[in-house]
Amino acid sequence: MIELIQLQWLQVTQSSWLLGLSLVGYAIGLTVYRRSGSRAFLHPLLVSTPIIAGLLYLTNLSFDQYYQGNGLLSWLLGPTTVALAVPLSKQMRQLPALVRTVSLTVLTGGFIAALLALSLAVLFSTSEVVLLSIAAKSVTTPIAMGITDQLGGLLTLITLVVLLTGIVGILVAETIFKHTGIVDERWQGLILGISAHAIGTARAFDKSPRCGAFSTLGMGLNGIWTSLFLPSLVGLFLN
Amino acid sequence: MGMLILLLALTFVDRPMEFLDHTSGLLIQNLSLMFIPISVGAFFLSTDIYQQFPAILTLILLSTSGVILFMALLIKGLEKHD
Chain A
4 MIELIQLQWL
14 QVTQSSWLLG
24 LSLVGYAIGL
34 TVYRRSGSRA
44 FLHPLLVSTP
54 IIAGLLYLTN
64 LSFDQYYQGN
74 GLLSWLLGPT
84 TVALAVPLSK
94 QMRQLPALVR
104 TVSLTVLTGG
114 FIAALLALSL
124 AVLFSTSEVV
134 LLSIAAKSVT
144 TPIAMGITDQ
154 LGGLLTLITL
164 VVLLTGIVGI
174 LVAETIFKHT
184 GIVDERWQGL
194 ILGISAHAIG
204 TARAFDKSPR
214 CGAFSTLGMG
224 LNGIWTSLFL
234 PSLVGLFLN
Chain B
246 MGMLILLLAL
256 TFVDRPMEFL
266 DHTSGLLIQN
276 LSLMFIPISV
286 GAFFLSTDIY
296 QQFPAILTLI
306 LLSTSGVILF
316 MALLIKGLEK
326 HD
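Here the protein sequences line up with chains A and B, keeping their order. Using my numbering, the first residue of the first sequence is number 4, and each one after it goes up by one. Using my numbering, the first residue of the second sequence is number 246, and each one after it goes up by one.
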């Protein structure tokens, strides 16, 4: 426990002026996103990350230097995940009446997300390391990293795959909701949380606190469920 | 685990304390900011991974769209059944 606290303290104290680069990039991204009327393809992550990466290339700074210098932001991801319990608690009273739809959607949605990803990886003949690194793609980053490490995949790749899954999820979800007639913000949130994890949840909170709370629920339940079945499912695809 | 403990604690109170409501709201509103450092890493991957990138991107696009469509149809089906 003390070792964990020391590691976290070290992560925070390694923060440097490079944190400012992320804050400025985020401010630009957020401004563009809000002025566009919250269009998914102008999400702050899509606008800010190329700007920051471009500046790192121009200034010859390595990604490791940048990442270490942003220790405070990486550390804040933990307390922010815990904070998701607050909006979720406000929706808990509604849950008993919705338990059938929520549980069926999480159980089948989480399983099909992994099954589709693994089947397509086999179809496209990707290398084994890619197959092991994409299996947990619909799960939030901290859980996905734990599962991928256990499976023997690449942690650098799963973080990219999780990020792209979140971005693709928020980009395609609106069109699918429109065509299938999903207008209830609770279901939109649940689907975003299961398929696009924390990025989908951030998008869901842009819609409403209720949508965000259901997205948090979907993300959390899918993380637990996927960590239970995924190692056995991946084993079937390796043999 | 931390989220689960806080959730359990909050089920015993009528309303979260104001400071908790305010702080959690501020953190959640800026959730995307916490993902910026790791997301910048996408621009610094090895050549080997970049070579498989079209397949990876297609896979993500098809599987994510597929599962969202599946869940949307499932929920519509359950709503009709009710």
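Please keep in mind that the hints were generated in silico from the structure rather than gathered at the bench. Careful, some of the hints might be misleading.
To be verified - Below, a list of computed lysine-lysine pairs in the DSSO-like style, where the Cα atoms sit at most 27 Å apart:
#, chain 1, residue 1, chain 2, residue 2
1, A, K210, B, K321
2, A, K93, B, K321
3, A, K181, B, K325
4, A, K210, A, K181
5, B, K321, A, K181
6, B, K325, A, K210
Can the restraint linking K321 of chain B and K181 of chain A be considered satisfied, given a maximum Cα separation of 27 Å?
-> holds (12 Å)
27 Å Cα cutoff - pair K210 of chain A, K181 of chain A | Holds - the C-alpha atoms of K181 of chain A and K210 of chain A are around 15 Å apart, at most 27 Å.
Pair hint outcome, K181 of chain A versus K325 of chain B [Cα-Cα no greater than 27 Å] = Distance of about 17 Å is within 27 Å: holds.
Hint consistency between K93 of chain A and K321 of chain B [alpha-carbon to alpha-carbon, up to 27 Å] | holds (25 Å)
Pair hint K325 of chain B and K210 of chain A, alpha-carbon separation not exceeding 27 Å = Since the Cα atoms of K325 of chain B and K210 of chain A sit roughly 25 Å apart, the hinted pair holds (cutoff 27 Å).
Holds or violated: K210 of chain A to K321 of chain B, with C-alpha atoms at most 27 Å apart = Since the Cα atoms of K210 of chain A and K321 of chain B sit roughly 21 Å apart, the hinted pair holds (cutoff 27 Å).
Going through the hint list in order, the structure satisfies each hint without exception.
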